[in-house]
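Here the protein sequences line up with chains A and B, keeping their order. Residue numbers for the first sequence follow this note's numbering, beginning at 1 and rising by one. Residue numbers for the second sequence follow this note's numbering, beginning at 1 and rising by one.
Just so you know, these hints were derived from the structure itself, not from any lab. Quantities reported herein were computed from a predicted structural model and do not represent experimental measurements. Be aware that one or more of the hints could be misleading.
[To be verified] Think about it this way: if two alpha-carbon atoms lie no more than 30 Å apart in a straight line, the pair counts; the simulated BS3-like pairs of lysine-lysine are:
id, chain 1, residue 1, chain 2, residue 2
1, B, K426, B, K556
2, B, K41, B, K115
3, B, K167, A, K46
4, A, K50, A, K26
5, B, K115, B, K172
6, A, K24, A, K46
7, B, K604, B, K426
8, A, K50, B, K556
9, A, K245, B, K426
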Amino acid sequence: MTDILIHLLLTIFMPPLLLGVIGKTKAAFAGRVGAPFLQPYYDLAKLIRKGSVFSDTTTWIFRAGPIVTLAATLVAALLIPLGSHNSPVSFAGDMVLFAYLFALGRFFTTTAALDTGSSFEGMGAAREATFACLAEPTLFFTLMTLSRLSGSLSLTPMLTNLTVSLWFRAGAALILLVGGMFIVLLAENCRIPFDDPTTHLELTMIHEVMVLDHSGPAFAYILYGAAVKLFVIGAFFIHIALPIKTGNPLLDWGVFILSMLGLAVAIGVVESIMARLRLLRIPQLLVAACILSAFSMLLILR
Amino acid sequence: MITTAGKPADPAFLIITGLALNAFSGVPGLFLKRAAAVGQKLATLLAVAGALCGLAGCFSAIASGETESFLINWSLPFGPCEIAIDPLAALFLLSVFLISGCCAVYANGYWPAAKQPATSRALSFFIGILSASMALLIIARNGVFFLMAWEVMAVSAYFAFTVESGKVEVRKAGMLYLVCTHTGTMALFVMFVLLRNMTGSFLLPPTASLSPFVPGAALVFFAALFGFGMKAGIMPLHIWLPAAHANGPSHVSAMMSGVMLKMGIYGIIRIISLFTPVPAWWGAVVLGLGIFSGVTGIVSAIGQNDIKRLLAYSSIENIGIITMGIGAALIGQSIGNQTLLFLGMGGALLHVLNHSLFKSLLFLGSGAIIHATGTREINRMGGLARRMPRTAPLFLLGAMAICGLPPLNGFVSEFLLYFGFFSGVKESTAPALLGMGLAVTALALIGALALACFVKVYGVAFLGLPRSAEAEDGHESPWQMSAAMGLLALSCLAVGLLPRYAAVLVQPAVFTLFPSLVASGSNISTHVPLDVLGAIGAALIAAAAILAVVYHRRLKSAPQASAATWGCGYLQPSARIQYTSTSFAEMLVRLFRGTVRPRYELPKISGFMPASAGFSSRIPDTVLDAAILPVLRVTGIVFSFFRRLQNGEQNLYVLYIFITLVLLLVWIH
Chain A
1 MTDILIHLLL TIFMPPLLLG VIGKTKAAFA GRVGAPFLQP YYDLAKLIRK
51 GSVFSDTTTW IFRAGPIVTL AATLVAALLI PLGSHNSPVS FAGDMVLFAY
101 LFALGRFFTT TAALDTGSSF EGMGAAREAT FACLAEPTLF FTLMTLSRLS
151 GSLSLTPMLT NLTVSLWFRA GAALILLVGG MFIVLLAENC RIPFDDPTTH
201 LELTMIHEVM VLDHSGPAFA YILYGAAVKL FVIGAFFIHI ALPIKTGNPL
251 LDWGVFILSM LGLAVAIGVV ESIMARLRLL RIPQLLVAAC ILSAFSMLLI
301 LR
Chain B
1 MITTAGKPAD PAFLIITGLA LNAFSGVPGL FLKRAAAVGQ KLATLLAVAG
51 ALCGLAGCFS AIASGETESF LINWSLPFGP CEIAIDPLAA LFLLSVFLIS
101 GCCAVYANGY WPAAKQPATS RALSFFIGIL SASMALLIIA RNGVFFLMAW
151 EVMAVSAYFA FTVESGKVEV RKAGMLYLVC THTGTMALFV MFVLLRNMTG
201 SFLLPPTASL SPFVPGAALV FFAALFGFGM KAGIMPLHIW LPAAHANGPS
251 HVSAMMSGVM LKMGIYGIIR IISLFTPVPA WWGAVVLGLG IFSGVTGIVS
301 AIGQNDIKRL LAYSSIENIG IITMGIGAAL IGQSIGNQTL LFLGMGGALL
351 HVLNHSLFKS LLFLGSGAII HATGTREINR MGGLARRMPR TAPLFLLGAM
401 AICGLPPLNG FVSEFLLYFG FFSGVKESTA PALLGMGLAV TALALIGALA
451 LACFVKVYGV AFLGLPRSAE AEDGHESPWQ MSAAMGLLAL SCLAVGLLPR
501 YAAVLVQPAV FTLFPSLVAS GSNISTHVPL DVLGAIGAAL IAAAAILAVV
551 YHRRLKSAPQ ASAATWGCGY LQPSARIQYT STSFAEMLVR LFRGTVRPRY
601 ELPKISGFMP ASAGFSSRIP DTVLDAAILP VLRVTGIVFS FFRRLQNGEQ
651 NLYVLYIFIT LVLLLVWIH
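If we strip away everything but chain A, and leave its shape as in the complex, we get (with noise of 0.2 Å):
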């Protein structure tokens, strides 16, 4: 009962934290002092207060669009186990629901882009949807991986089987797995190398071009909906890179949250060492990583 508490705590309040922590280690690197840690919070305050624009092309779905977006984010967050503790709703099967949990969210965010008429917010949907199906593979080449690993067809099995032992047995598999998630997990959240949070040219933008009508509360939605998708595919991640259980709960509470902050730094030195990747070059990157995956299946076959 109260892991299920923590869970739900966590979920709901740590997300933005990460975008902090992402904040502050790029200004770190930049030689500025940065927005304190606690800003995502302060805007989504300030935007859920805000009044709203809407662009007289749109109809009901600009509107829905975040709703069902951050919806479907709730529902997968409480797929995935978290640390050592099992995830609050378990089943078998439960990971392809992960899966098309994040589809519907992407099918209403792209549609939400297409419902206002412009053609920068065409541009985002459009690679949005062609980037996905690239993502997508990779994705479930992972989970039958750990699904033949563990034995199992639900998530919370499948990631808390992980241990620092699978490592020396399956280790070679499990790095390829860690290449090809990480991967994805950039590509999925939109940081870079695969897409620019913060630029100011809409052209080259993904995700961030699809919500340039939003505004307010709706704004705060997807935002929060980022901050949590950032937050699921990072537990999914850490599952992976970093199975470190100490038997005590409490410890491994704390042990999820340093290893998540962590997660959060690493993304932000990669946003700071790397360079924006040229959009033809994306499907490549996606194609290698579906690749690892690949390979990483065949490995533990044997």
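Got chain A; can you put chain B on it based on the hints?
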């Protein structure tokens, strides 16, 4: 085996009454030349009564889980004729009756007799015959009887979709369809003759009674795949499908795509179920065909700009998904993985039902768009959601369902398939494991591509600003059209939210196909937590509702303004700068250019002040244009001397028939 129909509520009695009502529905209209509108109303009434009757029969046949069969003694030389209704037949009959009922209602708004008196009479008649012949072939258990119903179905579909035969496009599509369907039927002739050689009669043998290792069994398998695959539209055999679906009236397309393609799937399943134990390589062949058909179908769909051609290619993809499930089930049977067997076949059968729901919904929706704008070109649409407030959300539900998104029905059947494939990955060894791994990856890729495809269709057709004057003048369709679509959309939602009951529909059919499973004591619901799936769907809707309420409150408490779409500083936006269907698909088409082979006609620009130039792009059907037409052209030249036989003189044709008969008599003695 032989039971007699006793009480009037007997499922077989209901189904056959429904069938007869459907067959008869268009007939009164033929005699009401002056009052075509009355004829159409009458046809609708009869078809709906037939559909209700048939549906009641299907549900009670599935609930009883038993097989009812009748032996008709007829004097034709093909031996006794058996008809039988088992849960598998009832499952396929379900979509026949449901869709034909919906289409009959829809026709009143879409093809009103008041406006098109001549064609509407023919259309009602042929649609009635089409649905009755499909129902008849499902219950036929005699090869020759089956082929007769099959041929009536093929020909009545031809007359139904070529009803506007004044158009060149329509006639071309009709000719291609006729050639293809008869090529397929030829393979079926071979198949039924081979089966007769194995069993000694044209009656179909009982399930799992033949050995696949006797000589000729493999030939039966391939002939069935070819003949039925041609009708189902499995990828290299799909060539007739896009043109036929695009050029017919939309409710005929809905019938063809939603129901008629499934007759091919029904045939494949029925014929394979006669054999036991099915060798693993049969499963591998079917699975491979499914993967190929699924991926190439959706890749071809993305590039299309004609909404109905796009939907037709997406049907090829969905047939691929169904075929994948069948193949996986066969592999599961041969490697002894019960979960894979249950969920592969269960998922495939549920997807048959689901596809008939959402694809018919989408075709009827495309008909509503064509009714409103008069064009099939997606690039000329836009902004229809404001002009068609009833159609837009219904089409959206269909688009979400076909992408397999929770909480709709497409997700349930794809979930079953994924679950089956994953259990194969988890438990099996090398060759089967690779097949299942490939299937999971293919299904994931198909899912993501379908999403891109239908976001494009919905976004470009319904959202944004109108791209042409036709779209500007778009209007909502009559209530009959919305009602038919509403019923289908509701069914999509119901299957998605109550997956357990959907599994109950499919379960008896799986048991019919694999009688040995009944002893195992398990069923789909014991393998998969379907209740949880339904609950999560409800939770998702509840979460969205709560967030919507919160959002609405926030909106009220702060000022709202409306403005033009943010043009990134550009102050003169127009409808023409919007992303179009072509530009949305451009990246994906380029990624898959090896498969879809887009043709571009680039303008030649030279000099400092170039003249105005045009650009056009087009995505032809790779198989038809690159492989089949060149072969046919060569064949046409080589065999041109045969054309002398066809000289247009009827008396000579009678002579040919006479000579053939004499030769056959000589051959027999």
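- request: Would you list, in rising numerical order, the hints stated earlier that this structure does not obey?
  value: 1, 3, 7
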